[in-house]
Every structure is written in C-alpha cells, then in structure tokens.
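Asks: Read off the chains here:
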Amino acid sequence: MGQLLSFLWLSLLSICVFSSSTSAADYHEQLNLRPLPQSALLASFNFRSNTSVSEFEKGNFRFFPRSLGQILQHAGTRELHLRFSLGRWDAESWGARPWDGAREGGTGVELWAWLEADTDKEADHKWLTLTNALSGLFCASLNFIDGTRTTRPVMSFQPEGDHSTTTNMHLLYGVLPHEVVCTENLTPFLKLLPCKGKAGIASLLDGHKLFDASWQSMAIDIRPICPLDGECVLQIEQTIDMVLDIDRSKRPRDNPIPRPPAGHDLPCDTSKPYHSHDTCFPADYTAHQDWSLTQIFGKTMKGTCPLADPAVPALCLQVPESRSVFVSEGVREKKNPDRVSRCFDIPPSTHLEMVLPTPDDSASISVTPEAPLLYAERSFTGHGQERGGVQTILRNPSPDTEVEFIYMESLPWFMRIYLHTMEARVAGQSHANKSLIQQVYYRPAVDRARGTQLEVRMRVPADSTVFLTYDFEKSILRYTEYPPDANRGFDVAAAVITILDPHQERQGSVSGRFAAYTLRTTSLLCSLPTPDFSMPYNVIIFTSTAIALAFGGIFNILVRRFVAADEGPEAGLAVVLGRLKGRLMGLVKGAVKR
Amino acid sequence: MDGAKVTPGRTAGLYAGAAVLRLAIFTLFPGIPDLLTGRVEISTPVTSFKRLQEGLFLYNHNVSPYDGGVYHQAPLFLPLFSLLPSSASLPIFTYLLYIAVDLLSASALWRIADSGESGSSALFTSPRREKRWSGFVIAALFLLNPFTVATCIGRSTSVFTTCAILHAVAKAVSGAPFGAMVALSFASYLSMYPLLLLPPLVLLCYDRQRSGRATKSMLQFAGTCTATVAGVLSVLFQLSYLLTGSWEFLPSTYGVQLTLSDLAPNVGLWWYFFIEMFDSFRSFFLAVFWLHLSSYVAGLTVRIRRQPLVVLTLLLGIFNIFKPYPSISDTSLFLALVPLYRHVFPLMRYTFVSAAVVLYASCLGPAFYYLWIYAGSGNANFFYAITLVWGLGLSLLVCDLMFAVLRDEWEVERPEMAGKEIRQI
Chain G
1 MGQLLSFLWL
11 SLLSICVFSS
21 STSAADYHEQ
31 LNLRPLPQSA
41 LLASFNFRSN
51 TSVSEFEKGN
61 FRFFPRSLGQ
71 ILQHAGTREL
81 HLRFSLGRWD
91 AESWGARPWD
101 GAREGGTGVE
111 LWAWLEADTD
121 KEADHKWLTL
131 TNALSGLFCA
141 SLNFIDGTRT
151 TRPVMSFQPE
161 GDHSTTTNMH
171 LLYGVLPHEV
181 VCTENLTPFL
191 KLLPCKGKAG
201 IASLLDGHKL
211 FDASWQSMAI
221 DIRPICPLDG
231 ECVLQIEQTI
241 DMVLDIDRSK
251 RPRDNPIPRP
261 PAGHDLPCDT
271 SKPYHSHDTC
281 FPADYTAHQD
291 WSLTQIFGKT
301 MKGTCPLADP
311 AVPALCLQVP
321 ESRSVFVSEG
331 VREKKNPDRV
341 SRCFDIPPST
351 HLEMVLPTPD
361 DSASISVTPE
371 APLLYAERSF
381 TGHGQERGGV
391 QTILRNPSPD
401 TEVEFIYMES
411 LPWFMRIYLH
421 TMEARVAGQS
431 HANKSLIQQV
441 YYRPAVDRAR
451 GTQLEVRMRV
461 PADSTVFLTY
471 DFEKSILRYT
481 EYPPDANRGF
491 DVAAAVITIL
501 DPHQERQGSV
511 SGRFAAYTLR
521 TTSLLCSLPT
531 PDFSMPYNVI
541 IFTSTAIALA
551 FGGIFNILVR
561 RFVAADEGPE
571 AGLAVVLGRL
581 KGRLMGLVKG
591 AVKR
Chain U
1 MDGAKVTPGR
11 TAGLYAGAAV
21 LRLAIFTLFP
31 GIPDLLTGRV
41 EISTPVTSFK
51 RLQEGLFLYN
61 HNVSPYDGGV
71 YHQAPLFLPL
81 FSLLPSSASL
91 PIFTYLLYIA
101 VDLLSASALW
111 RIADSGESGS
121 SALFTSPRRE
131 KRWSGFVIAA
141 LFLLNPFTVA
151 TCIGRSTSVF
161 TTCAILHAVA
171 KAVSGAPFGA
181 MVALSFASYL
191 SMYPLLLLPP
201 LVLLCYDRQR
211 SGRATKSMLQ
221 FAGTCTATVA
231 GVLSVLFQLS
241 YLLTGSWEFL
251 PSTYGVQLTL
261 SDLAPNVGLW
271 WYFFIEMFDS
281 FRSFFLAVFW
291 LHLSSYVAGL
301 TVRIRRQPLV
311 VLTLLLGIFN
321 IFKPYPSISD
331 TSLFLALVPL
341 YRHVFPLMRY
351 TFVSAAVVLY
361 ASCLGPAFYY
371 LWIYAGSGNA
381 NFFYAITLVW
391 GLGLSLLVCD
401 LMFAVLRDEW
411 EVERPEMAGK
421 EIRQI
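Chain order of the listed sequences is G and U.
Residues in the first sequence are numbered consecutively from 1, following the UniProt record's numbering.
Residues in the second sequence are numbered consecutively from 1, following the UniProt record's numbering.
Just chain G, with the same shape it has in the complex:
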C-alpha cells in the first residue's frame, strides 16, 4: 500500500506541476526507481513535452519532435500510441504494473491511432501512410502492419486525449508480435527527446542494459489535451519502463559468466529449523540488495537536461525512509511525506552517482508489492499441428470485488477460431457459466485478407479463477507464405485485457467506462503444419504424372478400337524384337555365306 501511496503522491505532484504550465510549451523528465521482489529493480523513465495546437499547426515545433510532428500532420493522426516491448512482467512476484498498465505493450511492436478520415477507405489509406512513415522513423518493420494485422477495436481502447468531435475519427490497431525490439529502435526513440539522450536521465539509457532487462517497454503517446481554461496543447509522452535484475547487472562485464557463490557468501534464511553450518535455505534477500547507479546502468547520470522544467525532480527513489542512500556531492535529497519515497534535486553538470548499501535492519524494509486487479495467463491446449485450443486463466485476487473487463484478441487469419466453442468456466465447476460472458464483438478472419478480431466483455467474480477457452484450427499455407524459419512457428499477439473502472462512467464510449487497469498476456507461438519446402518440382511432377496416367488410361480406352488378339496389324515389343532378330539373322547368314 505504501508503494501505491507514493506513486499517487508522485502522480499528484506531476499533475500539479502540469496543470500550472500546460498552456505553454514545456518539457519535463523524471526517473523513478523502485525495488521489486526477487532482486529486481523497476526503472520508469518518463519524458513529457507539450506544444500548443496552434503552434503545432503552424509548424512551430519546439520541444515536440519535428520528424514525428510532420508525420502526424501528413497522416491526419489525432492521437497515437506506439509500444515496443520485450520480456514478461512477472505479476506473481512483482505485483501491479507501472502506470496501471497504460504505458506498456505486448511483446513486439504495437501501434494504435485515431485517424481523421471521412470513410473507412480513407482511414486505411492514412493508416498505410502512417505505418510506413513510422517504420522508417523507428527502424521497425511497422510497414508489415497490413490488412491482415490491422483491426478496428470497438470496446478495448478509448481516446486518452480531449477531442472536440469523435464522429470522423477512426481507431486502427496493429500489432507485430514477431518484431524483435533492439538498439536500432532505441536510438530513434532517444533522438525524439529535446536533449537527445546526451544529458539528464536519458543519459542512463544504454542498449546493452535496456535490452538485457527482464522486461522492458518503450512507449510513445501523443494526445491533445484541452484544459478547461486555456488553449489546447498537443502532448507527447515518452516512457521507458524496465525491470532490471540487480544480480545480473552486478556481474562484472569482463567476466559475465555467473558462478556459484562460496558457501559462506550465501544469504541464508536463518529462521528455518534445519538451518545449520552446512544446510542453507536461500533467503529472499530481494529488498536489501546493495546496488549503485553505475552497477545498474553501467554509467553515471550526466547532470540534468537544461531544457527540462527544474520544478520537477529528475530522479525519485522508492525506498523506505529508514534506508540510507549516498549520492554525489551537491545533490540534495528530499524525503516525501509518504515516508517511502524520496526525490533528488540535481544541479546541472553534476555526474550523479547513487549508492545504496546493504541496510542494517532488513526486516523492516521488506518489499511487498501491491496486488494487481487481475492475473491473466494464456496458453495453448491440445497437441499436434492440426488443431488446438486457447485457454486463458483469469484470476481475481480481490476477496470482495468483482472485476469487469474487456478481453481482446487479434489473431492471424491462419488460426481459424471456432467461436461456438468459446466458453467461460469458473474453476472448480464442471460446466460453463454463461453469465460470465456479457458481450462479444467478433469479426471473423478472411483468408489472406483480414485477421480475427475478438472482443469479449466479461467478468470474474471475487476471489475466483475463470477459464476462458476456445478451439481453433491451424490452416496450412502456400509454401511461399511461410517465413524462412517455418518450423519455429508463428507468433500470436498478446491478448489485451482492459479492466473497466466500476466508478467512473464515460459518455459516448461503447463500454461506457474508463479503463482502470490494462494488462497484456504473453504472446504465443503457434506451430503450423509445414509442407516439404525442398520439393515443389517433385510435387508438380508427381501429381501431373498421376493425372496423366488416369487421363491417358481413360483416353486410351475411349478412343481405341477393340480387336481380337490375333486380328489387326501387329504391334508391340515382340514385333519389333522379331523384326530385329530377322534382320540380325539375315546379316549373320550373309556373313557366313561370304
């Protein structure tokens, strides 16, 4: 609960800062560090800049990146969300997701945007422009988001910004689960920042560390914000969340192979009855790891970005008040009133190093993460390459509140799902419970033209687990449609689960509510039956031979006359051989005579 309070406090702080200065062009950045159980550390980088809509339309970009701004103008994009993600958020041990899941994507690349267009066709055209332009900007294969990977979600996504009219806005959603996010995506991401990653918190971002994380998500959100008084602004928010393994980060770079620690170095749980000098139960030493900024990020932080708003502290740390933290000279520590977080005022041009030694009293500062509203786990059932099933296990940990949410899948067309087999069942009951599924929006796949879109509004009763299952059939593709590594399988995009806020109603939206929490399942790997890629010629030849044999046989029987075996002109191998024999005999006889 303390974590939540501190997060709320920080958010309140940032909201206060923003509401006072949203009208002008401004920029702010902040890094939040939060230790998680299992020796993990969550680092949340947040960069936010505003520009007024009128300046934007005139082409005056100040903190807003020009390259992105021009793409948005060209493609008529009103609101844009782009995600690059890698790894898995381990909700069982890490608890609730940062930003309530609103700033993360499924594995790979996810893009959704509201485009201004009069017709669906025009929206598709603008979408194509947008994906191709972003593909070039971010060095990602976004241009592969074609008709088969694009859906138009109906219930799952709501605009985050303030839009005067939503009548001609089209929401398009595309996902590339197979995309491997890497350094080439980080570089253009940093280029969009006013300080380009040369100073401030962005100077800590390094591809080696970022893509070595257990989980990371880079997000770009662009939305118009209209305060009640004052001019509308266009806001770009860039977020990077990463979960670093402290033990892994502390391995020396020149000797990165982990080796078992010596017996006397093992942290043991001394409370176990069998603990003795030669038995050791590994202690959950997660909370009291000692670490420093250099160990975690591989370098120190290069001052602050001079363009950033100095009122917002650049670095905040969520460790209890009792834990001592050593920082470089000149850096001032401010403890927040919630007693579990502190922020640092960093003078520009200071190289910040921060060291957290092992605390003396470990018991008082153990980390218990806040439980999320829902746990979700999705997997394939069945075996073989012909058909299978998808099973999603949804667990509501709350003892007294029911959770209502929208479950969205966008599946590739070659997974033919059978919607009539979809059912939701509460764990422990043998029969499907029809009341769990409240509403279904389904747009079936069309071969080679469109993927499946499935949105299910359902609920999970308090303190129970629900199994959502459906069957599908794997289709076999043309051999040119398989990727080079066909036997690896095809990635299936993460399911997006949007939990509806039971308290806030929203006008005009289909689901009628704000999203309270968003989570995504892991992506899946679906293996399809494969043909033999090495023998197209052989197959063409064999099949043609079989057809020719049948056709030839029938044709022969149809057109030739019947005669008795001893009638008609002679033919066949025997006749030819006989003639040959006669001729040979003649030759031999002639030779003998001579």
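Certain hints may be false.
Stated by the list, open to error - Stretch by stretch, here's where chain U covers chain G in the computed footprint (C-beta under 8 angstroms, at least three residues):
(1) 378-391
(2) 413-423
(3) 524-538
(4) 545-551
(5) 560-567
Since the hints were made in silico from the structure, they are not lab data.
Note that CB positions come from ideal geometry on N, CA and C, so glycine has one too.
Use these hints to put chain U onto chain G, whose structure you have.
Replies: Okay, now just chain U, sitting in the frame of chain G:
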C-alpha cells in the same frame, strides 16, 4: 442371391439394421462423432460439420457467416440446422437427420438397381444382364460400406449431395425428368460439381421417358431440362440471397472451390499441388485442373452414349478423384454405383490390384497423417504420397470399369469373342 425375392420384412430389416448400427455408434461411443468430424479424410473445408456449427452459430448471432474464412457451405443449410435443436445439447435430432438422409439415399439406389437400367438401357442390352445383384444387396452394400458409415457418423454435409445425386438418377430412370432436374439442381446448389453431370443425366432422362408423353426432339428436350435446372438454381440462389441479405455467399461457397483458397489437406490431389505451386502459375494450373475435370464429361457422354448411367457412374468416379475437395464420402457414392455393374465384373482385369491399392491407402492414409501432424516423425510428403496412391488406385478402378463396360458393348457386335483375349488398336 440373384433374383431373390425381397419381402417387405427384409427391406425394413435392412433399413432398421443400418439405422440401429449408426445410432449405436452415435450413442454408445459419444467420442466417435467428433473424432470422425475432425478427420481430414471425411471433413473437407466445404463439407465439415464443425464449420457448419460455426456458420450456424454466427448466423444465429446475426454475424454473416460468409464474411469470414470458416464457413463455405450452402446458405440453405443454415435455416435447416437452425430448426433442429442444437447439436451440442440435443444431438439425437442431428443424428436422426443424417441417418434418414442415408436411408433415403439407399432407397434411391434401390430404385435405380431395380430399374435394371445398368443392364439394359434404351439403346443397349447387355448379354450378361441376367447376372446382377438385387436392389437389396446393392442398398446393403451402400448402407454397410464403412466409408458411408464413417461419413454419416462424421456428419459431413456431403451426404446431402450424395442423396440429391442418387435421387436425381432414380427420378431419371423412373421417367420423371422434372424431378431429376430439380434433384440435380439441389445437388449442384450444395456442391457445385454435380452440375457437370447434367449432360449424361439429360440423356438418361431422354432415354427413359415414358412412352405416352415422349418428346421427340433431343435438342428441345435438352433445352427444357437445362432451363429447368437454371430456373431451380436461380430460385435457390434467390432464396439464399433473401436469407443472407447479400450475394457474398457466392464467392465464399463456389469461389472457394474454384480458387482453392483453403488448402486444408484431404484425400485429393489438389491441396499439396497448390501449396507447392509457384505463385505466378497458380491461376493457370487452377484453370487446367478445372478444365481437366470437366473434359471427361463430353468424351464419356459421346463415347458411351448408349448407356448414360455408366457415364454418370464413371463421372462420379472421376470427380471423386479429381475434384478440389474430395472426401471418402464421394468414394462411397462411387462405390455405391459400381455394384450395379455386377454383370461386367468378370470382364474387369485389375480388380484385385485396385482393391488392394484402395485398401492399402485407406489403412496407411490415417497412419501417415498421424506421423506428419502429430508424431512429427514424418513430413507432408508421407500423406501426399498416400493420396497419390489412393488417386491412382481409384483411377485404376474407374479405367477398369470403363474397359469392362466397353468390352461388354463390343461383344454384342462380336459375340464369338466372349472370353477370348483381345487388344486395343
């Protein structure tokens, strides 16, 4: 058994026995229907019962089943199966429907057999026609054929096509051209390929007209028949349009058969060929394959003009090998008609070879499919090879039957050649 008297008791016994056998499998082994429904040998994308269930589900929930890649069957199935109680909760009604369709097919087959058309048509009378099986035996062979039973248990919708085709032939041999054309229109509406049976069926109807109101002119008769088929088909299409509210069922049902967009494995020769086909030649070979399929109609109809029922049988045999989505249901239809030619069996030369090849393929096909899809110890070529063998075995049977029938015709001209060795020049 030749010429044995068939009492009503035996008839009822056969039908009851067949029905009880199917019902017993349905009820005693509740896992078997779904298992067989999933088999690629029985359910093709255009006949699968599971896809029908999905189409029905979408139809009942006001989603167009044709706006998707799963349902490729005729629109009139939707209201028919909507009327039945859901097969998930009360499957017995679906079972009874399929059993009834099988029995109807058998009764049509019985009428065809009893008409004696296979032995003596209007233009030709076989010297061996006395040696034939009764309708009882032929219906029993159809009803107890494992392929027929498996198709029925697998609830493939091709049984409706089979029933319509057999009824078209039965109506034709009993001198009811209108009924025959209506039945053929239904078959064509359901599966499209039966439309190719129109020429021999028109000839059969023409030959078997009742003497009282016979039309003299062949052309006039053919025109009337074609117009009937066109009329009934347009009524069916119109009905489908009214049901689904758009014409998008046409590309989704017949277009899929024409372009083979769904490459699900089956016992035919098309699927693997078009998986491995180079993209630039795909349309060319699609055209070639369809042309090949339809080329037999004219040749056979002209060459075996005197026995239109033989043409129908042979064409069904050929379609069962070369159509885009064949299944063992088509084989069972062909094998149902073959016993009508009991009298020419002695003239067939490769009965043992073709029977052995077909049996070999039916045993190894499922095994090789398992090795490819589930065990992973074989690849697609295993199943492909067995479908090639299956196709070759059946085409040998078709060729052999054709040879026997033609030799039977020839021996009318040369009665002294019976039993002698002959050759073709």
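Asks: Hints broken by the structure, by number, lowest first?
Replies: Going through the list in order, the structure violates no hint and respects every one.
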